[in-house]
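From first to last, the protein sequence lines are chains A and B.
Start counting the first sequence at 1; every next residue gets the next number (the numbering used here).
Start counting the second sequence at 1; every next residue gets the next number (the numbering used here).
Derived from the structure by calculation, the hints contain no laboratory data.
Keep in mind that a hint or two might mislead.
Claimed, not checked - Cβ-to-Cβ under 7 Å is the rule here; a few derived chain B residues that face chain A:
1. R35
2. F36
3. R41
4. S46
5. D49
6. V51
7. T53
8. L59
9. S138
10. F141
11. T143
12. R301
Glycine included, each C-beta is placed from N, C-alpha and C at the ideal position.
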Amino acid sequence: MRALDGLSVRLTSPATGLLGANGAGKSTLMRAALGLIPVDSGSLRVLGLDARRQRRELRRRIGFMPEHACLPVDMSAQDLCVHLARLRGLGRRDAVRRASEVLFAVGLEEERRRPVGTYSLGMRQRTKLAQALVHGPDLVLLDEPTSGLDPAGRAEMLSIVRHLSRDLGVHVVTSSHVLDDIERTCDEVVVVHAGRLAAQRPVVLAPRRGGPVALRVTGDLAAFAAVLAQRLEAVGERVVLAPREDGDIGLDRSSDRVLDLVRDLAAERRVGLLRLSSEDAGLEETVVAAMATTAGAGVPALPEPGRPGGQEAVVRR
Amino acid sequence: MSVPGTGSPATGGTRDEVGGRQSSRAVLHDIRYSRFSGQLRSRASSVADLVRTDVMRPLGLRRSAGAKVWPFLLLAAAYLPALAVVAVPLLVPGVPLEPLEMLSYSALLATDTMVLLAFVATTVPSLLTRDRRDRVLSLYFATALSPGEYVLGKALAALSLVLIIVLGPLLVLFGGSVISADAPGEWLAEHAGDLPRLVGAALVVGGFHAVLGLLVGSLTSRRVFAVGGYLAVVLVGPALAVLLANVLGDDGWLGLDPASGPMRLATRVLGDPMEGSGALAWGMWGVVVGGGSLGLWLRYRGGRDS
Numbered sequence: 001m002r003a004l005d006g007l008s009v010r011l012t013s014p015a016t017g018l019l020g021a022n023g024a025g026k027s028t029l030m031r032a033a034l035g036l037i038p039v040d041s042g043s044l045r046v047l048g049l050d051a052r053r054q055r056r057e058l059r060r061r062i063g064f065m066p067e068h069a070c071l072p073v074d075m076s077a078q079d080l081c082v083h084l085a086r087l088r089g090l091g092r093r094d095a096v097r098r099a100s101e102v103l104f105a106v107g108l109e110e111e112r113r114r115p116v117g118t119y120s121l122g123m124r125q126r127t128k129l130a131q132a133l134v135h136g137p138d139l140v141l142l143d144e145p146t147s148g149l150d151p152a153g154r155a156e157m158l159s160i161v162r163h164l165s166r167d168l169g170v171h172v173v174t175s176s177h178v179l180d181d182i183e184r185t186c187d188e189v190v191v192v193h194a195g196r197l198a199a200q201r202p203v204v205l206a207p208r209r210g211g212p213v214a215l216r217v218t219g220d221l222a223a224f225a226a227v228l229a230q231r232l233e234a235v236g237e238r239v240v241l242a243p244r245e246d247g248d249i250g251l252d253r254s255s256d257r258v259l260d261l262v263r264d265l266a267a268e269r270r271v272g273l274l275r276l277s278s279e280d281a282g283l284e285e286t287v288v289a290a291m292a293t294t295a296g297a298g299v300p301a302l303p304e305p306g307r308p309g310g311q312e313a314v315v316r317r
Numbered sequence: 001m002s003v004p005g006t007g008s009p010a011t012g013g014t015r016d017e018v019g020g021r022q023s024s025r026a027v028l029h030d031i032r033y034s035r036f037s038g039q040l041r042s043r044a045s046s047v048a049d050l051v052r053t054d055v056m057r058p059l060g061l062r063r064s065a066g067a068k069v070w071p072f073l074l075l076a077a078a079y080l081p082a083l084a085v086v087a088v089p090l091l092v093p094g095v096p097l098e099p100l101e102m103l104s105y106s107a108l109l110a111t112d113t114m115v116l117l118a119f120v121a122t123t124v125p126s127l128l129t130r131d132r133r134d135r136v137l138s139l140y141f142a143t144a145l146s147p148g149e150y151v152l153g154k155a156l157a158a159l160s161l162v163l164i165i166v167l168g169p170l171l172v173l174f175g176g177s178v179i180s181a182d183a184p185g186e187w188l189a190e191h192a193g194d195l196p197r198l199v200g201a202a203l204v205v206g207g208f209h210a211v212l213g214l215l216v217g218s219l220t221s222r223r224v225f226a227v228g229g230y231l232a233v234v235l236v237g238p239a240l241a242v243l244l245a246n247v248l249g250d251d252g253w254l255g256l257d258p259a260s261g262p263m264r265l266a267t268r269v270l271g272d273p274m275e276g277s278g279a280l281a282w283g284m285w286g287v288v289v290g291g292g293s294l295g296l297w298l299r300y301r302g303g304r305d306s
């Protein structure tokens, strides 16, 4: 059994998604950050604090939503949130007020006094999220927050998670093996594969200037491609044009001059431009490639300027 | 969140100071979530809340009515003898006996023994088994609660629960004796020394059963196994002690009885004569309380949640 192995990563985005197959080490990384699993070697810093030596201070600033069922079935969501807030150091009055606030925020205000054992799975997931937020953490670790939810519950949970980092200023690290969840809630994705960093990149990338593009026009595609190739050659642009069966023309470069020529030719031939889009590798391609990478191989990471003051986690084992 | 130009008094709308007219600028407060910036309490406060919650849950407080039936039935059974002997001289003026003449502290402890065992079996081990069954430990240890604070909180909660059923009736008997005495002030001054002995005796019994119940509860996540395990120790133990005493022809071995042993020690603390070997009973008590506490600490010291 290998519970993580040699991960070295720095997380600085407001919302980071840990992506990986089951057993990749996502949950292990989160639990190590909380001190629930001892780190054998290396260093692990979260929010600028040493996760091994300053565990108590760190836990007060972190909220954790475990993946597995972890709620006492005979307590109400209200009592549970108050109890956990008190354990985190809040006074009774603050704990009651905060519990009401977070339960309202996750949509459990009506059912908060019912025993958790009578809740649906979606309500239990929201209760777990509420307890993670009740003490006003700087960072929340969400382990598979949409696990087991139906489509409506999943959409609702993703909306709440996005709200945390975007509107409330809470840093979020969420794990999932569903790419769509990460795309909808995070600013950065970290792909973990077999206990190692397989890829790290922003969820949304600005188009790379001059990169490959796909072009689609109305009218005769082959004729347009032939004329465009002649015009490009005439001005000394060495661009490979590749008409495809799906109706696109692939251009392997797209300098401003090339794009101007495309625009002018379309106007001249009175054809419409249906599509002109970047063909840089998308998030899905990056993730698929990373997850196919064997452990220890190169990391297809893209540089991402971090946000100052964000959470930081460095793990070297 | 502020939204200019909208709102009402209910949503934070402001009034012009001079005319009292509704201002054109209003603020809508998002009351649903805010960051906490208050002062955090000490760790002792957190442990105290853990104790409070763990005392309330086994008693069924803040739970359904059905959850309260069994624990309060046992509490009623434990308090009934003390209440009865206190009530008789109060309600029947012709009775010349004082409560303590009808039922001594030692006799009250002996009377409540079976009720105590049933109460401990159904409340103390579940303090730990329930957390494992519900897998709540990952939530607890993800908070600022350390494993040591967790064990301390559970031990204090268990001790509090046992004291409710051991010390409570003794105090009722003591208080009732004060009230029913011809000269309560004189009686209190004369018997004030009983109070520390009552507390000491209750701690001897309570400490033993609290640690034993927790130790058994820490070994399993199934409540039924924990209850069975505790009852096996306190019901099979006496049989083995009697067997040893009969085979070896020495009543001193009765000190190994885990059910009546702590009661005998409490009798000694209360100043009454004790049957059997005190040294063996104290040894047994020390092994269970000391060894059990160490076992609990070793069980949870890693802060693992499984």
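A quick look at each hint next to the structure:
no., hint, verdict
1, R35, "5 Å, holds"
2, F36, "3 Å, holds"
3, R41, "5 Å, holds"
4, S46, "5 Å, holds"
5, D49, "4 Å, holds"
6, V51, "11 Å, violated"
7, T53, "5 Å, holds"
8, L59, "12 Å, violated"
9, S138, "5 Å, holds"
10, F141, "6 Å, holds"
11, T143, "5 Å, holds"
12, R301, "12 Å, violated"
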